[in-house]
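Residue numbers (our numbering), protein chains in the order written: chain A, 1 to 293; chain B, 294 to 513; chain C, 514 to 806.
The set of hints was computed from the structure by calculation and includes no laboratory data.
Calculated pairs, BS3-like style, for lysine-lysine (alpha carbon to alpha carbon, straight line, at most 30 Å):
#1 B/Lys395 - B/Lys407
#2 C/Lys576 - B/Lys300
#3 A/Lys189 - C/Lys687
#4 C/Lys739 - B/Lys300
#5 C/Lys787 - C/Lys568
#6 C/Lys739 - C/Lys576
#7 C/Lys640 - A/Lys189
#8 B/Lys300 - C/Lys787
#9 C/Lys632 - C/Lys576
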Amino acid sequence: MSATNPSVDLHGGPTRGAWRGRIFYAALLLSLTVGFATLGTLVVQVLKKGIGVVDPVLLTNPPSADPAIAGARPAILATLYLGILLIAFTGPIGVGTAIYLEEYANRNRWYNRLLEINIQNLAAVPSIVYGILGLAFLVRGLGLGRVLLAGALILTLLVLPTVIIAAREAIRAVPGSIREGAYALGATKWQVTWRQVLPAAIPGIATGSILAVSRAIGETAPLLMIGALTYISFNPTIAGPFTALPVQIYNWTKLPNAEFKDLAAAAIVVLLAMILLLNATAIWLRNRYQKKW
Amino acid sequence: MRVTLQKELDQLESALQEEGELVLRAVRGCLGALERQDEELADEVIAFDDEVDEAYLRIEEGIQSLLARQTPVAVDLRTVLAVLHVNLHLERMADYCVTVAKLTKLVAGVPPDKTLMGAFEEMGARAEEMIRVALGSFAGRDLGRAESLVELDELIDLANRRAVQQVIAIGGDDERREWGLRMLLVSRCLERIGDHAVDIGEQTAFLVTGEFREFTDASH
Amino acid sequence: MVTMSDAETELVRMRGVDQSDLAERERHMPPPESREVVFDVSGLSVRYGSARALKDVSIRVYKNFVTAFIGPSGCGKSTFIRCFNRMNDLIPTAVVEGAVHYHGQDLYGPQVDPVEVRKRIGMVFQKPNPFPKSIYDNVAFGPRVLGMTDDLDERVERALAQAALWDEAKDRLKASALSLSGGQQQRLCIARCLAVEPDVLLMDEPASALDPIATTRIEDLMHDLKRDYTIVIVTHNMQQAARIADMTAFFSVDVSDEGKQRSGILVEYDTTPKIFTQPSDKRTEDYVTGRFG
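Chain A extracted, bound-state conformation (with noise of 0.2 Å):
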């Protein structure tokens, strides 16, 4: 045993430090508490509201004044159909357009950096702006009428700067060490990009775009702007008229009858269950490709 030195003290007095830190602490806790209190409150109430009544009638019957019998088929399938559209436009262009930013072009040229900046604003601007946007381009000018097509394009333009800005993230992340082993080969521009860039980059690029889109079949303003009918009994076609989940269930809440708005609380189960589908696929595809790195 060796003797105690009594000028080495390991015990500490009190630190300045330690208050501050439980502090913040707490207050990071209360601030989860919060945003979590809130969500859980709301999807409490929805969840009490709608659970009862999401059965097969909702799913399969078109609506109708008869609220036992009112459905939500159409604007379920519309949705469907809308997010299909939806990545598949996105994906092509937003991802092009990542891939000349962030591999092709040359920073230092006015164009590219206006083009640039003008990505960052444009996915700050309202979804309303974007629904008159629409309806002053597409259904009107371009004479595409008030059809799935046309709320698809919209949701696209909507979505598609945070698709770019999300794709440009995953392809910043593929190391420049990956592109300079491949050109040291021999490898051309493209085929860097194609073959060792993209690959790599395709689980961020698929999570942002699917996060993305879960965002979009949620909007509804842009949707009633072009002017999705508020009822629709037949199954929609794409360049034929339309209503959307979410212009559906405010419809239905609008009516005096109570038991339509439990019908609303329904469909919002529905709409948040769709939701929780896609953001479940998001996080498995990310998981799925991550251990590769």
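With the hints as your guide, set chains B and C onto chain A.
Chains B and C only, in chain A's frame:
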């Protein structure tokens, strides 16, 4: 692992063994010249020393290059240092052979004393044996065998002392006494060759144990 | 035992010392001037914008030799080695002046395709950069992008064998390359280069991210590879250069214009034993003895 280092170490050691072969030839040559009073052979021995010197220089350069480039440590470093010293000892042995050859030329024409020649023959045989044992124990890292060189050296030392007695006993005229003195130097050379062989044995011990020690103290 | 052979035999034996062994060792290091020149660099200068990285370098790299570039950090040796396979093309601000001739052809000639250059002159980087693919796909990438897809399996096996990785990898060719250890990954990168059958291997500090045992394996590998390839290596570890290089070039920093312009210059280029036993330039000696900070 470290293939190049090992190859270079092996090359140095085999060069050393070859130098040893050259030295053995020089020893045999100078003794043969002495016994048969062959001046031509003596000249050959003297000229032959250039080849030993060449081998010596090449090993020196090889050591310098290896140390600079491979930075050997531990046993590798001891090996290189041992090779360095053994190289020196071998070169010195060859120089002594040259001295014997030169002395042989100086006493040409004088009839030799049979007893003394016999003694030199024996010392020469011992010396050759010691060189073989020294180089063999170095190659085999055989400490016991290296230490046996001490006993062999004593035989040469004894023979050297007897040679001195013999020269004193011979006496004789000026020419005879001059011959005797020169033969004393020959005896001394052979004895020194034996000492260098012991030194090589000490290098073997250093390589194996990491310690340098003299096998015997100076008083023997 | 003294064998009393007769004088004649003595004479013959003394004269007939076996010269062939000694000559063999001389041949181990033939004078460079008698070897084929692979790279002939004259008056090479490189700058990034206005900052001059390399000034007026002239050097000859010889076939089947390991040539090492050593020197303090910032002396431009990495910049220099990247000139040999036109990797500096990938840096927009890099400007290369002067000439680099490869087997008599100007590497920077107007008709020269960088892809062809990099096919013949491969590069291994400091930090191993395996692609996030399987071991097989890593080695096969080069041949695939260059259209050398015949007998791909054989190519992959040959490359891995040459890189001393076949035994460790042959049972897990489909496993992710990232599951290999650091030293194995670097050998994989070497195999990747070898798969396209290059003429020259450039190595930019290939072992500096590896532990001593892995480093020794790479060094032994280089010793084997130089039978078939010409190797140029940049290393900040001068003992490594001393161990493996046949020729060594010492670069240093030249400070001019009152300390405003720091550029790399070639100080001395000679056989490795000469550089490390008796360098001609005092700056070289200061560096290799460690007296130069």
